[in-house]
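J.: Residue-level listing of the chains:
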Amino acid sequence: MKEPFPNNLTKRIIPCLDVKDGVVVKGVQFRNHKVMGDILELAQRYRDEGADELVFYDITASSDGRVVDKSWVKKVAQILDIPFCVAGGIRSVADARQILNDGADKISINSPALERPEFISELADAFGVQCVVVGVDTRREDDGSLAVYQYTGDETKTIQAKHDTISWVKNAQELGAGEIVLNCMNNDGVKQGYDLEQLEKIRDAITIPLIASGGAGEMQHFYDVFKHARVDGALAASVFHSGTIPIPDLKAFLKQKQIPVRI
Amino acid sequence: MSAAKIDIAVIDSGGANIASVMFALNRLGRKGVLTSDPDQIEKAPHVILPGVGAAADAMNTLRKRDGLIDCIHSLKQPVLGICLGMQLLYDYSEEGNTDLLGAINGEVKHFQKQYDLTVPHMGWNKLIGLGKHALLNNLDNAPYFYFVHSYKAPISKHTIAGCEYGQNFTAIVARNNFMGCQFHPERSGKAGAQILENFLNL
Numbered sequence: 014m015k016e017p018f019p020n021n022l023t024k025r026i027i028p029c030l031d032v033k034d035g036v037v038v039k040g041v042q043f044r045n046h047k048v049m050g051d052i053l054e055l056a057q058r059y060r061d062e063g064a065d066e067l068v069f070y071d072i073t074a075s076s077d078g079r080v081v082d083k084s085w086v087k088k089v090a091q092i093l094d095i096p097f098c099v100a101g102g103i104r105s106v107a108d109a110r111q112i113l114n115d116g117a118d119k120i121s122i123n124s125p126a127l128e129r130p131e132f133i134s135e136l137a138d139a140f141g142v143q144c145v146v147v148g149v150d151t152r153r154e155d156d157g158s159l160a161v162y163q164y165t166g167d168e169t170k171t172i173q174a175k176h177d178t179i180s181w182v183k184n185a186q187e188l189g190a191g192e193i194v195l196n197c198m199n200n201d202g203v204k205q206g207y208d209l210e211q212l213e214k215i216r217d218a219i220t221i222p223l224i225a226s227g228g229a230g231e232m233q234h235f236y237d238v239f240k241h242a243r244v245d246g247a248l249a250a251s252v253f254h255s256g257t258i259p260i261p262d263l264k265a266f267l268k269q270k271q272i273p274v275r276i
Numbered sequence: 043m044s045a046a047k048i049d050i051a052v053i054d055s056g057g058a059n060i061a062s063v064m065f066a067l068n069r070l071g072r073k074g075v076l077t078s079d080p081d082q083i084e085k086a087p088h089v090i091l092p093g094v095g096a097a098a099d100a101m102n103t104l105r106k107r108d109g110l111i112d113c114i115h116s117l118k119q120p121v122l123g124i125c126l127g128m129q130l131l132y133d134y135s136e137e138g139n140t141d142l143l144g145a146i147n148g149e150v151k152h153f154q155k156q157y158d159l160t161v162p163h164m165g166w167n168k169l170i171g172l173g174k175h176a177l178l179n180n181l182d183n184a185p186y187f188y189f190v191h192s193y194k195a196p197i198s199k200h201t202i203a204g205c206e207y208g209q210n211f212t213a214i215v216a217r218n219n220f221m222g223c224q225f226h227p228e229r230s231g232k233a234g235a236q237i238l239e240n241f242l243n244l
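Line order of the protein sequences matches chains U and D. If you're matching positions, the first sequence starts at 14 in the numbering used here and goes up one per residue. If you're matching positions, the second sequence starts at 43 in the numbering used here and goes up one per residue.
No wet-lab data here; the hints were simulated from the structure. Since the model is a prediction, treat every value here as computed from it, not as a measurement. One or more of the hints may lead you astray.
Stated by the list, open to error - Mimicking DSSO-like on lysine-lysine, the simulated pairs with C-alpha atoms at most 30 Å apart in a straight line are: (1) D/Lys73 x U/Lys87; (2) U/Lys170 x U/Lys183; (3) D/Lys168 x U/Lys88; (4) D/Lys199 x D/Lys151.
Only chain D is shown next, with the shape it has when bound in the complex:
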């Protein structure tokens, strides 16, 4: 069976809340297709890996589908992980002590307990230390984005924007064609839509 060619493949990593990503694409005049079919994903010009919930559950969902993990590794087109989807691109997560996809080096860790640091980190926070990358085109100075997460990815050479919440962590990461944002662009107003548009223009 040959898969129909699609515009944007949205990888089904389980969990609810994928609708908001689809609707955000629709608002940009584009259409995402939810799929776990490696053939279909391979042929899509853009791939989005969303994710809500726990890292181990999401990895289990991806592993269940034959060939899906290998497919993700072999992708050459732009891939954008969102929230947990970004974290899945890393090597390992403390959340459920699980191996991740390993497309980007680093370990995902829980926010350390500190005075008055409420966890999850939930709400609008601004980006710091923006690097040069097409994903960051046309953003105003230090725009705010909507974050909801209890685990964070470390700052590394692949970080193109950071965020500060007790500790610095990676808000946007890019290594070759693999990119990710910890915040929810689909829920971050105009700035979030700009990030998605920048991604789709890659």
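Pulled out of the complex, with its shape left as it was, chain U reads as follows:
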């Protein structure tokens, strides 16, 4: 067995906030959105609780193609002193530049990268790989293969992309992605844990940071995904928003089980 290298890098706990028309919402399967609260208040609350990073997913933008007001990005950047990533509706280098100039640390792209993979390289060349996150919606099919899905923001438009997940994440890394967020669709919303089997395969396929998404229901799930799938960060939404898992408790739990976390 290869020895792990000496390393003090901590595992990241990343709450994801869905933003619609400038407020944080929660909904079931992208329907019946309820307003959860003010972006700035929630961002500060998570920062104070010890979140290592925040992802704001603008669901206003993803499916309908209209120009979306992202003036909230600048306000978040003014108050927040931890890193944050903006996802949703970023289709051009100009879109990305606006968001980064407003103070976001990273931008995350998904369907636009599948439509035009060279978009990843354009962003990496313009801003550096460290700004470029590629989100991947992936499903374990009945035959055991891993398939990428596209336009998952609107289930009537969701289609299977022409990629198997492993070759797509490798391709994205090659093109200049600095990080992959892997959203495992089989597990998403089920709260039975992250898709360890799939995440481990992806972990072994790439050398850039990997963030797990989809399936967190209890604290043990975070331990499992860090320990067994060796991911760099774990993203979750509902368990944090509902208060089911308070971040300070989660970090204390992980620390006690020898997972390096920032406390």
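Following the hints, position chain D against chain U.
T.: Frame of chain U; chain D shown alone:
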């Protein structure tokens, strides 16, 4: 034309993401001015050299402005390089095989490939081997800072704090008035704000 005197000069090295440095200064009740004007930079009591992106691009941006490189070399007031801005203070970078400013000796190199070492080094890591320096005042024991980088500066006699990620590298460097931090103080919570405040108190 005489340049207006400014509080903190933030050197324009191109690239996005300079806003977060400005906002961090605002949170401390201070104001940075983005500039590539040597006159203005020379007169500022504090100078920050931020940087995101690739070393060669940033050096090209600095070289394009007449007199800017010479100006940076001649500065006597406290200068703080942040992330790529810190790396620019060194002699040379493997990234794009480019000569840098040469204010601090050493070569910036890519993280060596090792088992499970994901690159970029991205996330919160702690400082090790802290020396004595005013930049390190009032930090708790081994606080965590937010790092994002694929290239690293070597440990040298000018290192005042290191960091461990497969290999040891310089997290904070100081040689006379030239200082730098590899992490992003503007994104490192209270500990990061403390570093910025310490710098502005120099």
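J.: All the hints need checking, so say for each whether the structure fits it.
T.: Consistency of the hints with the structure:
1. D/Lys73 x U/Lys87: OK: D/Lys73 and U/Lys87 at ~16 Å, within 30 Å.
2. U/Lys170 x U/Lys183: Holds. U/Lys170 to U/Lys183 sits at ~25 Å (cutoff 30 Å).
3. D/Lys168 x U/Lys88: It holds: about 28 Å lies between the C-alpha atoms, which stays within 30 Å.
4. D/Lys199 x D/Lys151: 17 Å, holds
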